[in-house]
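Chemist: The primary structure of each chain is shown beneath.
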Amino acid sequence: MEKLADFSQYDVLHFAVDSDFQEWVLRSVNDAYWKEVMVKHPNKKKEIEKARKLLQSIQFKEKFPSKEQIEQSLENTLAHIEKNKKQTRIYLYKKWWAVAALLIVLMGAGWVTWKAMFLHIPHNQSIIVKQRIQNDKAPGGDKAVLILADGTHIVLDSAGNGFLSQQGNTKITKLENGMLSYDDSGQKPNEVLYNSISTPRGGQYQISLPDGTKVWLNSLSSIRFPTQFVGTERKVEITGEVYFEVTHDATKPFVVQHENSLIHVLGTHFNINGYKDNGKTQVTLLEGIINVATDNRQITIKPAQQAAISDNGSISVSKDINIDEIMAWREGKFIFDKADIHAIMKMLSRWYDIDYEVIGNINNHFGGAISRNVPLSKVVQMLELTGGVRIRIEGDKIFVSSK
Amino acid sequence: MTSLNIDDAIWERIALGDKEAYAEAYRCYFQKFYNYGIKFSYDYTLIEDTVQETLLQIWENRQIISTIQYINTYYFSAFRNKLFGKIKQSQKQKTGYSTYEPEFSVEQVIIAQEIDEELKEKLHNAIADLTSRQREAIFLRFYEGLSFEEVAIVLGITTKATYKIVARAVEELRKLLVFDALLLVFLFSAQKI
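Quick mapping for you: the protein sequence lines, in order, are chains A and B. The opening position of the first sequence corresponds to residue 1 in this note's numbering, with each subsequent residue numbered one higher. The opening position of the second sequence corresponds to residue 1001 in this note's numbering, with each subsequent residue numbered one higher.
Treat the hints loosely; a few may be bogus.
[Unchecked claim] Straight-line distance between alpha carbons at most 30 Å, and here's what the computed DSBU-like set of lysine-lysine pairs gives:
(1) B:Lys1160 to A:Lys214
(2) A:Lys302 to A:Lys214
(3) A:Lys397 to A:Lys346
(4) B:Lys1094 to A:Lys61
No wet-lab data here; the hints were simulated from the structure. Bear in mind that the values here come from a model prediction, so they are computed numbers and not experimental data.
Using the sequences and the accompanying hints, generate a full structural model.
Modeler: In structure tokens, the structure reads:
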């Protein structure tokens, strides 16, 4: 700002859209500089005056909260922070309990006959439950870490959006809906750069790949992919549980690698549940057609079928599956259909970022549906009501025992 | 209500867990976000809830403050995302449609010129002809004093596009104000006679 720029060609509009000029008019920044401009360019005085009037003519209605309102809100928030020090996230939704209560009632009628259950529940049930839950957990949310080719870590959550990074020819932008978008503007890359995104326990995330394919990551999952798809196929690698909606491109098959298996796709919707502690990888197809291959086997599955891949590379196909149960996570729900306690606890452990321990043998099977957006205590309450188990939450651990 | 952005020293203190610094930022942003939110909705409770949630997030995310490049803008954008989500949700509940996009209300823009009713109406029409995004961009640039780059981040568009939006809006208004200047000269000379 020391040197005077050449303003001899400036008209009213040039001045009005000049960022420094705007700063001066609206915020009195560099007053001396602009006064000097007027002295040096006496013939521009009129233009400057007009541009100034123009900018000053645009104003906005203002409405501010009262001082009491602000102080009250601050007090509430500080009280919440103090009260929930141990929790990772705090709820301020004024009516969340009503929503949670409603969702509990949403439990599938097919699983439990409610009336019969109610006859046996003592009225003080919820009080007892409360006493056993010393450290409730808030549900997970949109959280992930993006790791760029150069090793840079970028924290992604539900907050800010916009341009994140430029890698080679590809621009990464975080869109308004929280999705990441990769735009290569149709340019050919000089080198293939790999990015990966991983979600922590209690996290989930959605991204859109350079070819428009949509990807949803459940908790404790990851995907590694090139910033631009070059060559004859579009290949990505995943861990954990990932749902794909692949953009159709007959010339470039989409290939997903998960440990020992490769999934070849043309354009289709499918879910891969490959958590290590599951013992096997389950690939469930919703739409289209996919080919699942390991070193020693290869199989094609159709919609509403599931391929289960075991560690030794064998594949079995199942047609008797509950798609709603499998896809519940993407709909923001837990759905249990004759589920065993270990499968349920693994799921809760990932979403509520908490460890668990099952005491003794529990052979009961559980059924029910509940939103994933409720505190852990609500899910626990549902399990206790329907499954005949007793659950305690202490510190960072859930203990389950039979009643 | 300008240049109320939180300076780096305050952010550093918040990152270290200083509640006084947080309270200071809280008071400043509460006003800013509230006044911003009103441009899109008259549901004061909804706006207040959204402001409070966003501000709580500042505290919860204090450990990652140093990793965020444009911290002020980050929370503007966070607030906007949350607010838009909630407005859409409540519209969906009311009407059953999910396509509603929150609009930066035309009534929120005032042209501060002592001009006659006819011209005022024309200006008002010109502002109504701007897109919601143009009105929002000039609000963020002129009123909030965000740089073109920061406006771009909040709106989730490129800096170039932001510059174009603001320039087009200013040009539209200039056309009318030039007319205004001529009119004033005319009135002045008419009086003389």
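Chemist: Given the hint that lysine 397 of chain A pairs with lysine 346 of chain A, test it: the Cα-Cα distance must not exceed 30 Å.
Modeler: Since the Cα atoms of lysine 397 of chain A and lysine 346 of chain A sit roughly 12 Å apart, the hinted pair holds (cutoff 30 Å).
Chemist: For the pair we were handed, lysine 1094 of chain B and lysine 61 of chain A, check the Cα-Cα distance against 30 Å.
Modeler: Given that 30 Å is the threshold and the Cα spacing comes to 27 Å, the pair holds.
Chemist: For the pair supplied as a hint, lysine 1160 of chain B and lysine 214 of chain A, confirm whether the alpha-carbon distance does not exceed 30 Å.
Modeler: holds (28 Å)
Chemist: If you draw a straight line from the CA of lysine 302 of chain A to the CA of lysine 214 of chain A, is it 30 Å or shorter?
Modeler: At roughly 20 Å apart (the allowed maximum being 30 Å), lysine 214 of chain A and lysine 302 of chain A satisfy the hint.
Going down the numbered hints, you'll see the structure goes against none, and every one checks out.
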